[in-house]
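*Asks:* Work out the full structure, taking the sequences as your base and the hints as a guide.
2 protein chains.
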Amino acid sequence: MVSYDLLAGLSAASADLGETLDKILPRANGQIEQRLFQAMRYSTLGEGKRLRPFLVLSSASLFKVSRHSALRVAAAVEMVHSYSLIHDDLPAMDDDDLRRGKPSCHKQFDEATAILAGDALLTQAFEVLADEDTHPDPRVCTDLVRALARAAGPHGMVGGQMIDLAGEGQSLDQAQVTHLHLLKTGRMFAFACEAGAILGKAPKSIRMALRSYAHDMGLAFQIKDDLLDVEASSEELGKTAGKDIDQDKSTFVKLLGLEQARDQAKMLCDQAINHLSCFDDEAEPLRAVARFVVERGR
Amino acid sequence: MVSYDLLAGLSAASADLGETLDKILPRANGQIEQRLFQAMRYSTLGEGKRLRPFLVLSSASLFKVSRHSALRVAAAVEMVHSYSLIHDDLPAMDDDDLRRGKPSCHKQFDEATAILAGDALLTQAFEVLADEDTHPDPRVCTDLVRALARAAGPHGMVGGQMIDLAGEGQSLDQAQVTHLHLLKTGRMFAFACEAGAILGKAPKSIRMALRSYAHDMGLAFQIKDDLLDVEASSEELGKTAGKDIDQDKSTFVKLLGLEQARDQAKMLCDQAINHLSCFDDEAEPLRAVARFVVERGR
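Going down the list, the sequences are from chains H and P.
So that you can map any letter, position 132 of the first sequence is 1036 in the working numbering, and since no number is skipped, the others follow by simple counting.
So that you can map any letter, position 19 of the second sequence is 923 in the working numbering, and since no number is skipped, the others follow by simple counting.
Since the hints were made in silico from the structure, they are not lab data.
Any given hint could be a false lead.
Just so you know, same-sequence chains aren't split out, so a pair can sit in one copy or run between any two.
Stated by the list, open to error - Okay, derived cross-link-like pairs now, SDA-like style, lysine to any residue, Cα gap no bigger than 20 Å in a straight line:
#1 Lys968 with Phe1183
#2 Lys1011 with Ala1070
#3 Lys1170 with Leu910
#4 Lys1105 with Glu1036
#5 Lys1105 with Asp1035
#6 Lys927 with Arg945
#7 Lys1108 with Glu1036
#8 Lys1105 with Leu1160
#9 Lys1011 with Pro995
#10 Lys927 with Arg1054
#11 Lys1108 with Asp1035
#12 Lys927 with Glu951
#13 Lys1011 with Met997
#14 Lys1108 with Val1134
#15 Lys1105 with Pro1042
#16 Lys1105 with Pro1040
#17 Lys1158 with Ser1075
*Replies:* Structure representation (structure tokens):
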């Protein structure tokens, strides 16, 4: 086993991704609608772990995919992630004033601009995936579009967000909370990991191994998020903390207790890494992500 | 010239489209997230002119495209149109309580559900276009995805909506209002018309002719909308009328006056029909649409 420096890897990926996003996103240039472009950039180009793009780049590198293709798909994934955060933060949804230590999009701009910026990011992400500059084979592009739409749509991220909202005030059991997070965050993690395999035209079994890795890692990520939400103070986390408990949401911590939630996250991390047994050292970045997800501190 | 019965054509198209949408849209079945599916269906399956799907079907029939392919693309266009209406009606946007004579989505459900239903419809529309069931040639699918994303994205419909919001309270000149509507409604009309040509793998010059038709027809449509907004009462129009004037928006009627706005709409209608000179009788449905757009009553 090689020792992989995850933080250096994340940081390098984030820098490259920033450049790619800067080229893709529309530029404010005195147009009447420039406020829209500013909001899209504000919410996408800021700081952030950029874990999902890193997963795209790491999975793509398993199949020797060109960095250019991988970066464009990573950018599309980050645009969809940013759109989801913008809409989730709206007053009618989670009503969060802070995001990544900055005012959330609707606080920095206004609600209408935030709704439109989210819509525009989601739409443009599909334009990026369908572009031959992303991959010359149109079959690869349609595979990417279809997989992203499924991951983000009514049976994916948006469906998960609906369960999250509908579940407020009623108590969900562990199976329901697991299903919620599989949809809300797991499907997009799975797309990010599968995207590299799609770009590399990998066989179905390999695609499934990467999806399984992502599902377990994503669930571990969510449990850790619940743990951090309880443990962290507002300042340290950069978003309003303790909200889930205030809103009486069903979290893993509430269902399992702190101790068992920690064990569960650890178990899922090991399971995620097991799914990567078909890969050699080249999958070290993905293994490091799984470890990081449960070990990251407050 | 054959005489084409537009109302019969619209009605037949609308029935077929309803069936296609019913198959595509997720079905409420007791899931926790079924409210999302109900909202998607509520806003997409209701009454409505369904002019955009009709344009897809009419342009597709110029190139002997299979009805199945055309209906799926028409469904995607209607889903994107419905999403845009749902988001436009939100309190933070145009704040409309009525849509097509029914409570708008956020009134029937709630704001969060309306935001998510719009997001889900937009996302699923791309899944439909990228599916080989829509067209077996992936190059056709990527063309469709890219063209729709451009029509609906920051340089299309969403950009137009931003101009519309940013332009409130400041007076836009005629060029700016024309640009606004070219983006806000024209680009989606253009996609609907171009879609048939993409499905039929028509040469670029034919694609451009259909786009030009759509741009002129779309602008005529918007001017007529402005005229109807002034003329119609709330009850007859099925949405809150006179809003544009209340909100001090720059409309064609305000810029040109009633008389000249009517002349302009008529002129654009003729110009739109001229763009169809490369087609024979098979383009009668599109010519009839252009005439209908300016002649429709209150």
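*Asks:* Are the CA atoms of lysine 1158 and serine 1075 at most 20 Å apart within a copy, between copies, both, or neither?
*Replies:* Within one copy, since 10 Å is at most 20 Å while 54 Å is not.
*Asks:* Tell me, please, which holds for lysine 1108 and glutamate 1036 at an alpha-carbon limit of 20 Å: within, between, both or neither?
*Replies:* between (23 Å within a copy, 18 Å between copies)
*Asks:* My question is about lysine 1108 and aspartate 1035: at a cut-off of 20 Å on alpha-carbon distance, are they close within one copy, between copies, both, or neither?
*Replies:* between (24 Å within a copy, 18 Å between copies)
*Asks:* As a check of your reading, is lysine 1105 near aspartate 1035 (CA-CA no more than 20 Å) within one copy, between copies, both or neither?
*Replies:* Both: 17 Å inside a copy, 18 Å across copies.
*Asks:* Is it within a copy, between copies, both, or neither that the alpha carbon of lysine 1011 lies no farther than 20 Å from that of proline 995?
*Replies:* both (10 Å within a copy, 16 Å between copies)
*Asks:* At most 20 Å between alpha carbons: which applies to lysine 1105 and proline 1040, within, between, both or neither?
*Replies:* Both: 13 Å inside a chain and 19 Å across chains, each within 20 Å.
*Asks:* Are the CA atoms of lysine 1105 and proline 1042 at most 20 Å apart within a copy, between copies, both, or neither?
*Replies:* Classified as both: same-chain Cα gap 12 Å, cross-chain 15 Å, threshold 20 Å.
*Asks:* Up to 20 Å between alpha-carbons, please classify lysine 927 paired with arginine 1054: within, between, both or neither.
*Replies:* between (26 Å within a copy, 16 Å between copies)
*Asks:* 20 Å Cα cut-off: does lysine 1011 pair with alanine 1070 within a copy, between copies, both or neither?
*Replies:* Between copies only: 17 Å across chains, 25 Å inside a chain, cut-off 20 Å.
*Asks:* If the cutoff is 20 Å on CA atoms, where do lysine 1105 and leucine 1160 land: within, between, both or neither? Let me know, please.
*Replies:* neither (40 Å within a copy, 57 Å between copies)
*Asks:* From the Cα coordinates, with 20 Å as the cut-off, is the pair lysine 1105 and glutamate 1036 best called within, between, both, or neither?
*Replies:* both (16 Å within a copy, 17 Å between copies)
*Asks:* How do lysine 1170 and leucine 910 come out at 20 Å by Cα distance, when the copy is not named: within, between, both, or neither?
*Replies:* within (18 Å within a copy, 64 Å between copies)
In summary, the numbered hints that this structure violates are 8, 14.
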